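Keeping their order, the protein sequence lines are chains V and L.
Be aware that the first sequence starts at 184, since it is given in this note's numbering, and climbs by one per residue.
Be aware that the second sequence starts at 776, since it is given in this note's numbering, and climbs by one per residue.
It cannot be assumed that every hint is accurate.
Simulated pairs of lysine-lysine, DSS-like, Cα-Cα distance not exceeding 25 Å [said to hold, decoys possible]:
#1 K961(L) to K291(V)
#2 K374(V) to K309(V)
#3 K961(L) to K278(V)
#4 K189(V) to K400(V)
#5 K309(V) to K326(V)
#6 K400(V) to K207(V)
#7 K309(V) to K291(V)
#8 K189(V) to K374(V)
#9 K374(V) to K788(L)
#10 K322(V) to K961(L)
#11 K788(L) to K326(V)
#12 K207(V) to K794(L)
#13 K278(V) to K291(V)
#14 K309(V) to K278(V)
#15 K207(V) to K189(V)
#16 K361(V) to K374(V)
#17 K400(V) to K291(V)
#18 K322(V) to K374(V)
Derived from the structure by calculation, the hints contain no laboratory data.
The model shown is predicted, which means the values in this text are computed figures rather than measured ones.
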Amino acid sequence: MEPLVKIESLIVEYRSKERGQPVKRAVDGLSLDVQAGEVFGFLGPNGAGKTSTMNVLLGFVNATAGNAFLFGVNVREPIARQRIGYLPELTYYYKFLTAEELLRFYGKIFRIPRAEADRRIDAVLKLVELEPSRHRLIKTYSKGMQQRVGLAQALINNPDLLILDEPTSGLDPIGRMKVREIIQRLKNEGKTVFFSSHELGEVETVCDRVAILNQGKLQVAGRVSDLIAQHQMNLEQLFLKIIGYQPATN
Amino acid sequence: MNAVGPLACVVIKELYRRKDFYVLFVLTALISVLMGGMNFFNTQNIARYIKEICLALIWISSLVIAIGTAARQLPAERESRTIFPLLAKPVTRADVIAGKFTGCWLACGLCLVVFYVLFGVLSAARSPELNWLQIAQALVLHWFMLGMLVAMTLLGSVVFAAPSSNGTICLIVTAGMLLLGRHLNKVALQLTEPGQSIVYAVYFVLPHFELFDVRDMVVHSAPLIAAGPFLLALVYAGVYVAVFLLGAWLVFRRQMLN
């Protein structure tokens, strides 16, 4: 079966605006696949290349070398994004719109017919538990509610693949739990989820497979249970070992 | 181009949910009504002065609305990061530019209709011989001029880092062209090189907003503008809009978003 996400020898380099500065290689020869129906955790310390990889998948940045495909279509084609949902990290949605208006706006972009859009808006608002606040302006929402409205917009086109960039970043424990529950529910519905996170406990709970990146290079990838068994340590310990973290000794 | 309509709707919604337009409208109405209620020096032509004042206020308000609305669109999308979920959908950067322009231009058009209705009502109250066709012609020219201004401001918003600097530059250029545009070639003749070439370049490159300012014709009840020059002015505006939007797209499509 063809993978939903396919990345082949991806290299992403950024040129500095200042003269004489070296080119920064954010992603260095990354190759990985994400299969349909799995929850895939994309891990790494800050600056490891996770967001750069996602930016290539979403068409925000062109790869310096290598290729990336969504549903077998090169990510350079806008149509590759027809069946995906994306939740960026810490986004402040149009504060002068209500949640319902925001979802209707995104629904119109996908040309979802009015009746179908009504049905989907009801369903996603129920899923993210924002039904009682659907007519309130987004500027009155808490951070957690904003993140959930972000999840709702990512789901409005009933996507087969969800790309989530640190979906629990900046949320309180209840907000994190709610987002985790939503990911779990999406997994049960058979959706494919590709997400980056620094919450290793959360990744261990919901992910089928993980990949750990460090300094742009893929260090390890595999099933969470297999990695834990193989290395005889939990995911957090494995992560710290891979990135070469040395605990300070007193 | 699925996204152009929805994006334009969001811009229009933003305008009517913000207070800018209402404040400017109330101020314009208040000043015009107050001036209309007075009779300076028992002059018989007081209606002309009221018309002049009201139209001047409408022009100032429309410039503020057009530049203010257009200057914040793309920077706000980037600052709040809504550009990311937008571009992660089947939306191209050309769609974003086209949608923002359409929204700003339509929003300006709606504001102008409200302002010109106010102008018509106030004028009709003082002088019954009002030519509504002339007002409609002035409105259309004004609207197309705002189209050029919106497109120019959108281009500025992808070139300049801060919306405030873009807004200020666009306002200075627009005010400069409105006040001095028609005299620039005469000024150039008086200068020596390289000043002459620079002023000539400004004269030929920048859009002549003053061509669309027919306030005097409305105030003094001049005959209607003939169809030929009127349509030519609209085509002139259309060409400038296309050039500015193309420039905005060329810059925006290569811009790093993060």
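Okay, the hints, checked on the actual structure:
no. : hint               : verdict
1   : K961(L) to K291(V) : violated, 52 Å
2   : K374(V) to K309(V) : holds, 17 Å
3   : K961(L) to K278(V) : violated, 49 Å
4   : K189(V) to K400(V) : holds, 16 Å
5   : K309(V) to K326(V) : holds, 18 Å
6   : K400(V) to K207(V) : holds, 13 Å
7   : K309(V) to K291(V) : holds, 20 Å
8   : K189(V) to K374(V) : holds, 17 Å
9   : K374(V) to K788(L) : violated, 34 Å
10  : K322(V) to K961(L) : violated, 53 Å
11  : K788(L) to K326(V) : holds, 23 Å
12  : K207(V) to K794(L) : violated, 45 Å
13  : K278(V) to K291(V) : holds, 19 Å
14  : K309(V) to K278(V) : holds, 21 Å
15  : K207(V) to K189(V) : holds, 24 Å
16  : K361(V) to K374(V) : holds, 17 Å
17  : K400(V) to K291(V) : violated, 39 Å
18  : K322(V) to K374(V) : violated, 30 Å
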